[in-house]
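K.L.:
Spelled out from the first residue to the last, the chains are:
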Amino acid sequence: MNEQFRVGDELFRRAARVIPRGIYGTRGPWLVVPGSYPLFAERGRGARYRDADGNEYIDYLCGYGASILGYADPGVDAAARAADQSGFGFNHPTAAMVELAEFLTARIAGMDWALFGKNGSDATSFALQAARAHTGRRTVLKAAGAYHGSHPWATPGTAGLTAEDSAHVYDFTWNDHADLEALVTEHRHDLAAVIVTPYHHPLFDDSEFSERRFLQRLCELAHRHGALVISDDVRVGFRACLDGSHQVFDFAPDLTCYSKAMANGYPIAACLGRKPLYQAAGAVFATGTFWMQQGPMAAAMACIRRLEETGGVALMRQRGTELIDGLRQVAVRHGEQLHVSGLPSMPKVRFATEDDFLRFQRFCAAATRRGAYFHPFHNWFLSTAHSDEDIARTIDIADAALSEVVAEGE
Amino acid sequence: MTDSQIKAHLYLHAVLPQLEEVVRVDAAAQAVVAGWRSSIAMRVAGGPGMRLEVAAGRLRAVRRGRGLPSLGLLLASPAAAVRMFEAGGATPLPWMGGWRLRLVGGLRALSARLQYYLKADRELLEADGAFVEAVLIRLAVLVYAIAVLAECSPDGGGSSGAGDGVISIGVAGANPLQLHCAGGRIAASRDADRRANVTVEFADPAAAYGILSGNGDLWTAIGTGAVRLRGHLLLLDPILQLMSRVRNYL
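Protein chains in written order, with our numbering: chain A, 1 to 410; chain B, 1 to 250.
Just so you know, not all the hints are guaranteed correct.
[To be verified] Selected chain B positions facing chain A (in silico; Cβ < 10 Å):
| hint | residue |
| --- | --- |
| 1 | Gly165 |
| 2 | Arg195 |
| 3 | Asn197 |
| 4 | Val198 |
| 5 | Trp219 |
| 6 | Gly231 |
| 7 | His232 |
| 8 | Leu233 |
| 9 | Leu234 |
| 10 | Asp237 |
[What the hints assert, rightly or not] Quick list of simulated restraints, FRET-style, between CB atoms:
| hint | chain 1 | residue 1 | chain 2 | residue 2 | range |
| --- | --- | --- | --- | --- | --- |
| 11 | B | Pro154 | A | Gly157 | 12 to 22 Å |
| 12 | B | Ala56 | A | Ala407 | 41 to 51 Å |
| 13 | A | Phe88 | B | Asp164 | 46 to 56 Å |
| 14 | B | Asn175 | A | Asp205 | 26 to 36 Å |
| 15 | A | Glu10 | B | Gly88 | 41 to 51 Å |
| 16 | B | Arg194 | A | Thr289 | 44 to 54 Å |
| 17 | A | Pro156 | B | Asp164 | 13 to 23 Å |
Since the hints were made in silico from the structure, they are not lab data. Note that beta-carbon positions come from the ideal geometry of N, C-alpha and C, so glycine has one too.
Could you build all of it, start to finish, from the sequences and the hints given here?
P.N.:
Given below as structure tokens:
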């Protein structure tokens with residue numbers, strides 16, 4: 001046992017007795033390096049949080065992208081508290097739902113209606129059903145390796161599933177025009193939708209932007225055959241721009257999905273769509289006991305307004321660029337090269353000289369033990385709360401961590 | 001494949017090859033094969049085959065051998081093979097060298113030593129000073145069984161989707177085994193002679209014993225550091241799926 005994580009380790013042992021795997025899903029220890037990473041958080045503020053042992057981290061995972069303004073943002077928290085103060089869990093939605101739908105449709109380009117859930121999976125699954133309801137077709141295409149949530153049709157897991165769960169869902173290779181065209185042609189008579197992220201950001205692999213107008217071609221093909229395009233903007237949303245990432249990546253989806261950063265960590269997801277899909281969306285049976293809770297809705301409006309007021313997107317881009325530039329210099333000093341892909345505000349980082357993460361994992365673990373939380377496989381996230389001081393401190397930590405890895409050798 | 005066919009493959013291609021290690025580490029097994037220069041072929045009608053080559057005090061398990069074996073044994077069906085391995089309830093028919101009673105008896109004695117390492121409880125193994133060896137042999141069965149299950153699955157057990165690479169599985173301080181994944185096929189190797197893309201390392205024999213005996217949970221062990229994963233974890237996904245299926249058969 002590493003003394004640095006003694007309390008967290010004990011919590012994990014307790015958890016494992018009563019919770020399958022101790023911590024399930026992507027937050028479980030298997031994706032990081034147990035002994036070098038915290039497993040339980042205690043509190044956070046801004047770009048930093050403390051684990052159950054009181055160790056502090058400058059966070060570059062940001063709650064898997066949810067904390068876009070930093071933890072415990074006073075404005076967002078006050079909005080959520082104020083909304084919930086009058087009670088919640090009512091038989092009905094409150095005015096907050098209408099206000100948020102108006103707020104989002106006024107901002108997200110091309111979208112005329114909105115519907116809410118709690119997690120990204122709620123939004124993507126709803127979008128898929130709405131597309132099927134509208135087209136009367138079954139087939140959905142997605143990019144191989146893309147993550148569209150944990151529901152059975154999309155999950156990368158295998159346990160507890162049947163082949164029927166993902167029947168009618170087929171994969172194409174991102175940026176492979178010929179593969180996409182062949183798949184669309186093959187399924188054109190039953191094609192309900194193509195679901196894509198604004199750029200490809202698979203776990204483990206490098207992020208890839210659309211090349212040779214891939215997304216535009218995808219929309220053209222789908223629409224030509226009467227199918228819809230769903231933009232899964234759950235991860236990128238509000239980090240590339242505030243009016244829908246499709247604006248930045250220049251494609252025209254019919255449905256868009258948001259969650260993660262939209263309320264700075266408060267549980268909410270949204271599916272937005274174009275007017276012609278309004279009837280079909282209404283026909284889909286969609287409900288959840290907590291889906292209309294007003295606190296997260298108020299938090300979403302406060303969060304997006306705050307991003308607007310502070311120029312949050314540009315700020316995160318700038319901080320991300322500073323971080324990556326600094327890390328590149330550190331790497332060069334140690335005879336190493338970084339490979340960085342994706343947006344500067346959510347960079348996917350690895351060592352250029354390896355593709356199996358063996359040394360990069362050690363580097364991330366060494367940095368995390370020293371107080372800069374780097375995930376070895378997932379893309380990182382910046383928030384608007386990351387300060388110049390945080391970035392400078394992170395680069396110092398990275399320097400020390402890389403020294404350790406180099407000293408250890410292979 | 002039927003369950004019996006899969007089990008027959010597992011017993012012949014995952015369990016029987018561990019006689020190599022038993023002969024290497026076990027004095028009683030070494031005494032059995034001392035002076036042998038022989039080969040024993042075992043075949044299951046409508047199923048797998050395996051050949052044990054013994055020379056200079058060493059035993060080597062190979063799927064195909066050259067020439068006629070010193071002793072050839074046939075099991076009438078996969079179900080008969082399963083009965084033989086699980087309960088000694090079926091007797092193989094000698095089709096070659098049945099008169100070589102020393103080999104027949106020797107094979108029986110080797111099987112008993114293998115059974116000891118696979119079945120004896122922890123107290124007995126520790127009392128005999130054979131705990132570590134037994135854990136390593138049981139781990140080898142698991143690693144070989146993963147490859148066999150992939151081979152027996154129509155889709156390679158999902159291995160085709162994970163990409164090519166080398167997976168090292170072992171106990172800290174001992175030579176690991178490797179799984180070589182290439183083109184949707186998985187091969188087990190006792191020689192850790194290639195650079196691993198991902199490693200699974202049990203912190204000590206007790207940690208491995210806990211998982212192998214079904215008393216411990218792999219995911220909890222990962223969280224507590226009793227099992228350490230390093231490298232390209234995506235490659236592990238189908239391996240862990242196959243690993244969880246092994247217990248359905250063995």
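K.L.:
Has the hinted range 44 to 54 Å been met by the Cβ atoms of B:Arg194 and A:Thr289?
P.N.:
holds (53 Å)
K.L.:
Does the hinted range 46 to 56 Å hold for A:Phe88 and B:Asp164 at CB?
P.N.:
holds (52 Å)
K.L.:
Return holds or violated for the Cβ distance of B:Pro154 and A:Gly157 against the range 12 to 22 Å.
P.N.:
For A:Gly157 against B:Pro154, whose Cβ atoms are near 20 Å apart, the range 12 to 22 Å holds.
K.L.:
Let me know if the C-beta of B:Asn197 comes in closer than 10 Å to any C-beta of chain A, holds or violated.
P.N.:
holds (4 Å)
K.L.:
Holds or violated: the hint that B:Asp237 contacts chain A, with Cβ atoms closer than 10 Å.
P.N.:
holds (8 Å)
K.L.:
Hint B:Val198 vs chain A: min CB-CB distance below 10 Å?
P.N.:
The hint holds - B:Val198 has a Cβ within 10 Å of chain A, the shortest such distance being about 7 Å.
K.L.:
Should the interface hint for B:Arg195 be scored as holding, given a Cβ-Cβ cut-off of 10 Å against chain A?
P.N.:
Since the shortest Cβ distance to chain A is 9 Å, the answer is holds.
K.L.:
Range first: 26 to 36 Å. Now tell me if the beta carbons of B:Asn175 and A:Asp205 are that far apart.
P.N.:
This hint holds: roughly 32 Å between Cβ atoms.
K.L.:
Assuming the hint says 41 to 51 Å, is it satisfied by the Cβ distance from B:Ala56 to A:Ala407 or not?
P.N.:
Distance hint for B:Ala56, A:Ala407 holds at roughly 45 Å.
K.L.:
Could you say whether the range 13 to 23 Å given as a hint is met by the Cβ separation of A:Pro156 and B:Asp164?
P.N.:
19 Å Cβ-Cβ, so the 13 to 23 Å window holds.
K.L.:
Is the shortest C-beta separation between B:Leu234 and chain A less than 10 Å?
P.N.:
With a closest approach of 5 Å, the B:Leu234 hint holds.
K.L.:
Does B:Gly231 pass the interface check with chain A, least Cβ-Cβ distance below 10 Å?
P.N.:
holds (5 Å)
The structure is consistent with each of the numbered hints, conforming to all of them.
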